[in-house]
Structure formats: structure tokens, C-alpha cells
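J.: Next come the chains, spelled out residue by residue.
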Amino acid sequence: MIQEIVARFQQKHRTMRYPDGAPPPLPDRFRGRPVVDPARCVTGCHACEAACPTGALSAASPGVFDLGKCLFCPACAAACPHQAISWSANYQLAARERADLVVPREREAIDIKRAALDGALRKLLGRSLKLRQVSAGGCNACEADSNVLTTVGWDLSRFGIQFVASPRHADGLLVTGPVSQNMALALKKTYDALSEPRIVIAVGACAISGGVFAGSPEVGDGASSVVPVDLYIPGCPPHPLTILDGLLRLIGRIST
Amino acid sequence: MNASLTDFARLTNGQAVALDRIPVLDLTRLQASIAACVHAGCRVSALFGAVSPQQGNTRLYVVLADDEQNLLLAAAADAVGDAYPSLTPQCAQVHLFEREIAEQFGVRPEGHPWLKPVRYRRSWTGRDVWQRPAGEAILPAVGDFYRVEGEQVHEVAVGPVHAGVIEPGHFRFQCHGEQVFHLEIALGYQHRGIEEMLLGGPDARTIHLAETLSGDATVAHATAYCQVSEALAGRAASARGQALRGIALELERMATHIGDLGALAGDVGYLPTASFCGRIRGDVLNMTALLCGSRFGRGLVRPGGVGFDVDAERLAELGRRLDACEKDARVAIELLWKTPSVMARFEEVGTVPRAVAVELGLVGPAARAAGLERDIRRDQPCGIFCFSQIPLATYESGDVFARAYVRWLEIQYAIAFIRDQLHALPGGAARLPVGVFAPDQFAVALTEGLRGEVCHVAITDAQGRFARYKVMDPSFHNWAGLAYALRDQEISDFPICNKSFNLSYCGHDL
Chain E
1 MIQEIVARFQ QKHRTMRYPD GAPPPLPDRF RGRPVVDPAR CVTGCHACEA ACPTGALSAA
61 SPGVFDLGKC LFCPACAAAC PHQAISWSAN YQLAARERAD LVVPREREAI DIKRAALDGA
121 LRKLLGRSLK LRQVSAGGCN ACEADSNVLT TVGWDLSRFG IQFVASPRHA DGLLVTGPVS
181 QNMALALKKT YDALSEPRIV IAVGACAISG GVFAGSPEVG DGASSVVPVD LYIPGCPPHP
241 LTILDGLLRL IGRIST
Chain A
1 MNASLTDFAR LTNGQAVALD RIPVLDLTRL QASIAACVHA GCRVSALFGA VSPQQGNTRL
61 YVVLADDEQN LLLAAAADAV GDAYPSLTPQ CAQVHLFERE IAEQFGVRPE GHPWLKPVRY
121 RRSWTGRDVW QRPAGEAILP AVGDFYRVEG EQVHEVAVGP VHAGVIEPGH FRFQCHGEQV
181 FHLEIALGYQ HRGIEEMLLG GPDARTIHLA ETLSGDATVA HATAYCQVSE ALAGRAASAR
241 GQALRGIALE LERMATHIGD LGALAGDVGY LPTASFCGRI RGDVLNMTAL LCGSRFGRGL
301 VRPGGVGFDV DAERLAELGR RLDACEKDAR VAIELLWKTP SVMARFEEVG TVPRAVAVEL
361 GLVGPAARAA GLERDIRRDQ PCGIFCFSQI PLATYESGDV FARAYVRWLE IQYAIAFIRD
421 QLHALPGGAA RLPVGVFAPD QFAVALTEGL RGEVCHVAIT DAQGRFARYK VMDPSFHNWA
481 GLAYALRDQE ISDFPICNKS FNLSYCGHDL
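Chains as they are written, first to last, in the working numbering: chain E, 1 to 256; chain A, 1 to 510.
Don't read these hints as lab results, they were simulated from the structure.
Any given hint could be a false lead.
[Claimed, not checked] Derived coverage of chain A by chain E (criterion: at least 3 residues anywhere in the stretch with Cβ under 8 Å from a Cβ of chain E; other residues may be distant):
1. 209-223
2. 269-281
3. 332-338
4. 474-482
No residue lacks a Cβ here, since even glycine has one placed at the ideal position from N, Cα and C.
Using the sequences and the hints given, assemble the complete structure.
T.: So, in C-alpha cells, the structure goes:
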């Protein structure tokens with residue numbers, strides 16, 4: 001017992017102050033919301049669109065970034081001959097509507113007011129949200145950075161949010177992966193096992209749009225092809241802070 | 001062994017040769033040579049099908065690892081028509097390879113003792129070994145399971161959706177009370193069709209597919225892909241880039257091993273180490289993010305080297321964080337070995353004897369914990385590991401404790417390795433240009449990922465595009481080891497056995 005107490009002091013108190021204090025520091029090379037400098041972007045160049053692996057930047061939809069498809073990889077910025085693309089430190093990416101993730105390429109924050117649950121649902125789930133996680137063709141990165149929220153540093157349960165072992169205990173699903181053909185039925189059955197009202201949170205580019213796997217006949221185009229989605233959290237994988245920010249804004253714990 | 005050796009082309013890790021230099025043997029001869037080489041100590045790194053120039057045939061390629069000679073042996077043979085005699089009865093470690101070939105190409109290995117699908121999908125050729133009706137959906141894990149009959153025997157089915165935040169798979173236990181007679185594991189739920197998506201590449205998406213083969217092994221798989229690319233282009237990665245890949249690979253190993261030890265502690269109800277390690281693992285992921293902005297190393301490893309260079313200040317910061325991490329990890333993890341209630345649960349549980357590990361062809365920490373000296377970084381070195389050796393971590397007992405303790409040794413060796421690299425990072429460019437791929441080549445690259453050997457094999461067509469790209473995640477070799485480890489154990493030991501292997505579902509399912 002003594003050794004555990006000594007170790008406990010050595011390891012220190014680690015739970016972050018956020019959201020009451022500042023958010024944890026992000027790495028200086030963190031790739032948050034991408035931004036195109038319109039003064040530098042040359043019309044008709046298309047180098048970034050050719051380099052984009054998922055069509056988040058596409059000639060078919062000029063002027064917009066689809067953050068639901070974006071892998072937040074460095075390819076477009078590296079391909080731009082005019083250094084017009086940069087990555088902001090803006091980690092707040094979650095949105096209630098899929099359409100809200102299609103954003104103008106120049107700097108503009110997502111309308112974060114739309115991230116909160118409304119009325120009865122917020123009253124019901126705002127202080128206690130139990131989630132069943134379903135990986136449906138995910139590569140285990142989104143799963144890992146969702147799971148990390150349960151560690152002492154993030155301590156997700158202080159917000160009343162927990163991952164639970166059965167859909168029967170859950171208020172909602174947190175889905176990762178593009179929904180492989182082989183997981184579509186299991187995902188649907190898990191959703192059906194939730195009691196109503198129920199919500200679905202899609203974490204990562206795959207769960208939102210199919211991500212890097214979009215177009216493969218072995219996968220779908222994300223969670224919404226099987227279940228209705230209430231919150232989209234972009235990234236590949238999203239930083240834990242992005243996921244936490246999305247969850248806290250969903251339950252109305254933060255509003256800025 | 002010498003007679004059989006002459007049947008193979010000899011390659012080293014990260015080498016490409018002209019496809020016509022891979023000997024095409026008679027299938028009987030190839031199988032005899034594989035069996036002889038495996039008997040003499042080689043192991044099967046890859047055995048896969050591809051389109052044969054002879055219409056209707058399936059060309060089978062094999063890559064054997066001869067760890068004694070630090071060589072890779074490659075050869076091919078055609079399976080004619082829709083069946084060929086199975087090699088599995090003589091050579092157990094090809095059992096899953098033959099099932100995969102059956103599923104992908106519709107050729108039946110006659111005499112295979114347990115011929116079931118691997119990923120529950122349609123074949124690439126339109127032929128179907130199991131004669132399933134064309135219009136009917138193929139449901140994963142639906143079909144016969146190995147069953148033990150008897151009045152007091154019962155079956156426990158778990159998954160695909162599990163209790164924790166974990167990937168899906170189906171586990172079928174044959175139990176007598178608490179005692180497990182047999183465990184059969186059915187996977188395929190995470191199948192995304194990546195090998196097909198890689199055909200015709202490389203293109204803008206290829207490196208991202210390599211990075212997402214198994215997310216927590218992003219660096220290992222991306223490095224294998226880049227080594228294949230560099231071999232096909234006839235270019236080397238920059239020395240600085242290779243060293244930075246090595247640092248990232250060891251950070252990846254540290255992060256997962258620390259997380260695994262925490263998870264093992266949690267599963268035996270020892271919460272101090274569980275909560276400390278959960279946090280420390282995040283610190284390691286943040287070190288990877290210090291290098292490239294992504295906690296999983298996304299964007300870091302690129303053909304020709306790495307996508308992000310580091311300056312002296314960043315190296316110094318990495319060194320400081322490494323020192324702090326080492327101290328925290330030591331305190332957190334050594335609690336395990338000093339706590340009798342933990343040791344009582346870890347020792348003599350889930351034992352895989354050395355002979356079984358050899359027969360099944362296990363790799364990585366699971367093999368080393370059974371006493372096998374098997375590590376790509378030492379046996380088939382490539383990149384930085386040609387110049388900078390890392391000690392081999394082994395243990396003899398093959399149980400949960402051994403797999404945990406080998407991880408702790410590997411964490412310490414990884415820290416020492418990274419520290420050495422930080423002080424002796426080669427100068428020059430972080431990334432060098434890599435040109436187009438040569439046509440009609442056969443290239444192999446292996447890396448020692450956190451779970452063991454990651455093996456990528458590429459065959460290019462006349463235009464230098466991928467005509468076949470085969471990925472072997474270490475989990476493909478090791479799932480059978482987990483199933484074996486459960487024999488005669490209590491079913492309540494499954495969680496710690498499972499965590500002590502920590503295998504990748506998506507890496508297996510591709």
C-alpha cells in the first residue's frame with residue numbers, strides 16, 4: 001500500500017482544468033481548421049485539389065472545404081505553389097449538420113451555436129450521457145483518441161459522460177469507421193437496442209463521409225448511411241480536444 | 001535446407017528485383033521447398049495469390065524469412081484450375097494464408113483441415129470455394145464453428161460489438177464450466193478492401209491507405225510502404241529521414257506498450273498502474289505530435305524520408321519529455337512486478353509454449369515472450385536499424401507475465417534508442433525525391449511494428465503501377481496464438497490473455 005501512495009504522489013494530480021481553465025496545449029504543428037489565403041490563391045491553379053486524397057478540396061465544389069472528408073493531412077498545403085494554404089490551431093470542428101462542415105475556404109469559424117442539443121433532449125442528456133462505442137471499419141485511431149478521454153488527464157466522467165458496455169445502458173452511439181459492409185448489420189442492431197430518445201455521434205472522416213475508404217465497395221459512406229447522425233466530429237483522427245469540445249458543446253456544457 | 005534454398009530468389013529487406021527473377025516452380029516442388037525451409041528454421045512471411053499470366057491459373061507467391069542468414073527467399077508457382085493440395089497439414093503456419101487465397105481467388109486447398117472464410121466477402125475472380133449463391137449476402141461469422149459435444153459442454157459467443165472501446169470481432173468459446181476447451185475467432189468485420197484500393201497506384205490516396213491499415217501502427221505500415229516505394233524507384237531515403245522514422249517507430253511502440261500494460265493492470269483490478277499508464281501513453285502520443293502535428297504520426301513518414309524536419313530546439317524538447325516519461329513509466333509499471341496480487345494473475349496464465357509459437361509462426365512480443373529470438377530490427381534490418389542496433393527483449397515462460405514483461409523491456413530499449421538518435425541525428429535533407437516506379441518488379445519490405453513483423457510486397461505492371469499489393473499485418477500471424485493461449489484456461493482469463501496479445505482487427509481484416 002505504501003508503494004502505491006508514494007507512486008501516487010510521484011505521478012501528481014493530472015486532471016486538466018479545462019473547460020473551467022485553459023484547454024491543454026496543442027502541438028505547434030497541430031493541423032486544425034485549414035485556411036486558404038484568398039490573396040495568394042491563384043484562380044484556375046487546382047494543384048491542391050489534385051493533391052487532396054479524399055476530395056475535401058475539389059474542382060467540382062470550388063471555394064469550399066469539406067471538413068467531413070478532410071484527413072487534415074499536409075498534402076494540399078505542400079502542393080500549393082503559392083503557400084496559400086495553412087493550418088490554424090482552431091480545434092473546434094464539430095457540427096450538428098453535415099452541411100455545416102462544408103465551409104468557405106477562407107477563414108471563418110463554424111457556426112458553433114448549432115452544436116447544442118435543444119430543449120427536452122438537452123434537459124434529459126445534458127448532465128448524464130452514456131455512450132456505446134461502435135467501431136465499424138475504423139482503423140483504431142479514432143477509437144483510441146475517443147478512449148483516451150476516459151483517462152485521468154481528460155476525465156470524461158466528470159461531465160457525466162461515460163462509455164458503457166451495452167447499448168441497453170446507453171443514450172447514444174459513438175460511431176467510428178466508414179461502416180464496413182460486414183459491420184452494417186451489427187451497427188443497425190446496436191442502434192435498435194438503444195432505448196429512445198437516442199443520439200448518434202460520428203467521429204472521424206470515415207464515420208462522416210467514408211474518409212480515405214470512400215468509394216470502396218466494401219464500405220459505406222459513413223454512419224449516416226445506416227443510422228441518423230446528431231453530431232459530426234471531423235478529423236483523421238480528431239484530436240481528443242476536438243472530440244471533447246464537440247461532446248461538451250452537444251450537451252450544452254460550453255457554448256463558446 | 002541447401003537444396004531447397006536454390007529454389008528461391010534471395011532478397012534483402014527493402015529490395016526490388018525484376019519479376020522474372022522470381023523462380024516459377026512446379027507447385028509440388030514449391031510446397032516441398034517451403035516445408036523443408038520451415039523445418040530448417042525459416043518462417044513464412046507472406047504467401048499470397050496473384051493473377052497468373054496463364055489464363056485460369058492463380059499464381060502463388062511466397063516470401064520466407066531466413067533470419068539466420070538475414071535473407072528473404074521468394075518464389076512462385078501456379079495453382080492450376082480451382083483446387084490444389086493444401087500445404088497446411090505439413091506446415092501449420094500457412095493455414096490462414098491458404099484460407100485467404102481461397103477467399104480472394106476461389107481456389108480450394110484440398111485437405112485443408114479448417115477451410116473457412118477469413119473476411120467474409122466475395123472473391124476477386126467470381127469463383128467461390130464455398131459455392132455461395134451469387135445474389136445472397138455473405139454474413140460475417142455465420143457458418144460452422146468447431147464444437148465440442150457433451151452434456152455439460154456449453155458454448156459462449158462474444159461479439160462482434162464488445163463491452164469496451166475496441167474493434168469488432170467474434171469469439172466462440174467451447175466451455176466446460178469455467179474451463180475453455182477451445183476458442184475460435186471469426187474476424188472480417190473491419191474489412192475495407194484496402195488491397196483492391198491499392199491496385200493501379202500509387203496515387204494521391206495510397207500513402208493514406210498505408211497509414212490507416214492499422215491506425216496505432218501508422219508509422220510501421222507507412223514505413224514499410226515507403227521502403228517498397230523507394231525500392232521500386234531505385235532510390236534511398238535520406239539518412240536523416242531514416243533516423244526520424246526510427247524515432248517515430250519506437251515512439252509508436254512505447255505508446256502502445258505503455259497503454260497495454262495499463263490495460264492489463266485494469267483487467268486484474270489494479271487501478272494505480274491502469275490510470276497512470278493511460279495518461280503516460282498520451283504523453284508519448286504527444287511526443288509524436290511534436291514531430292508532425294499528429295498523435296498517430298499521420299503525415300510524418302513519406303517516400304524519400306519524412307515530411308517534417310526537426311531543429312535542435314525540437315530535439316531538445318523531445319529529449320526533455322522523454323526523460324520525464326521514462327521516470328513516470330518506470331514508477332507506474334514497476335508497481336506491477338512488486339504487487340503479488342497482480343503477479344498471481346499474470347503468471348502461468350495463457351501460456352504459449354515455444355514449440356507452439358514456432359509452429360504457428362508467431363511474431364513480435366508474443367513470439368519473444370515464448371523465448372523466440374525473432375525481431376525484424378535485428379534479423380532483417382533496414383533503414384536506421386542497419387546502423388543502430390536495438391537489444392532483443394525475450395522471456396522464456398510464454399505466459400501473460402512474459403508478454404507484459406517483454407513489453408516493459410522494449411519500452412526501456414526504445415527510450416535508450418531514441419535518446420541515442422537525438423544525440424546523433426544525421427544531417428542533410430529530411431526527404432529526398434523519389435521518382436517513378438520501375439515496371440515489372442517484385443519488392444518486399446518489412447518493419448518491426450509494435451505487434452511484430454509488418455510485411456508489404458508489391459508487384460508492378462508494365463507501366464510501373466501496382467498490379468498486386470500484399471499487406472501482412474503481424475496480427476495475421478498472431479490471432480491463432482491467442483486462440484491457443486486460451487486452451488484449458490478459465491474463461492475469465494480471456495480479457496488479460498487478449499490484452500497481452502493486443503492484436504489489430506483492422507490490420508488483419510484490411
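J.: Can you list which hints this structure breaks, lowest number first?
T.: Per hint list: single violation, 4.
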